[in-house]
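Peer 1: Given only the sequences and the hints, what does the whole structure look like? Please build it.
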Amino acid sequence: MSERERALETLREKGWLGVNGGLEDRDPNDSERTPLLKAAFGNEEERARLLLAAGADVHAKDKNGSTALHYCAWKDSAATAGLLIEAGCEVDARNDSGYTPLIVAGIYGSKEACEVLLRAGADIHLKNNNGRTALDCAVRNGKDEVAALLRAAAAEGVGGGE
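Count the sequence shown with this note's numbering and you get residues 154 to 315, in order.
Everything labelled a hint here was simulated from the structure, so no lab data went into it.
In this text, all values refer to a predicted model and were calculated from it rather than measured experimentally.
For each residue, glycine too, the CB sits at the ideal point set by N, CA and C.
Keep in mind that the hints are not guaranteed to be accurate.
Stated by the list, open to error - The calculated label-pair distances, taken between Cβ atoms and stated as ranges, are:
{"hint": "1", "residue 1": "N283", "residue 2": "E156", "range": "40 to 50 Å"}
{"hint": "2", "residue 1": "G251", "residue 2": "R304", "range": "13 to 23 Å"}
{"hint": "3", "residue 1": "N294", "residue 2": "D249", "range": "11 to 21 Å"}
{"hint": "4", "residue 1": "R304", "residue 2": "M154", "range": "42 to 52 Å"}
Peer 2: Here it is in structure tokens:
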């Protein structure tokens, strides 16, 4: 049995496949999230690992253009974010509002996810559709620890971009 087949079998046993049993099935009552997006939202590292091994699309987006990495940044799911990055998820993917995962981490004060994103080369200079960077968003939302982390990264030249 291949790794993919074992992963699919485990996913079926745990009831973790999509509404119709597929990896990319979307539940119309759940913001058009694939099972991988749901795993990222729920900070379910094991589920995400199995879905990736079974062939889930790491680039899948919800109806707002957010990837699983955006959800990890929102929920401060650092371990799952690392898995997604290793699997090739775009670190600076933008959703329909221009938010990158790093900007989302700034908004929600997700320090551990922010650290993972910075280590992966996330660009601290990118701006959302309102012209705000991750640092701007962290400051605006009173997320002082993340703001300090982003300032330090900028001072050290970490975080890609300009």
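Peer 1: Any hints from earlier that this structure breaks? Give me their numbers in increasing order, please.
Peer 2: Going through the list in order, the structure violates no hint and respects every one.
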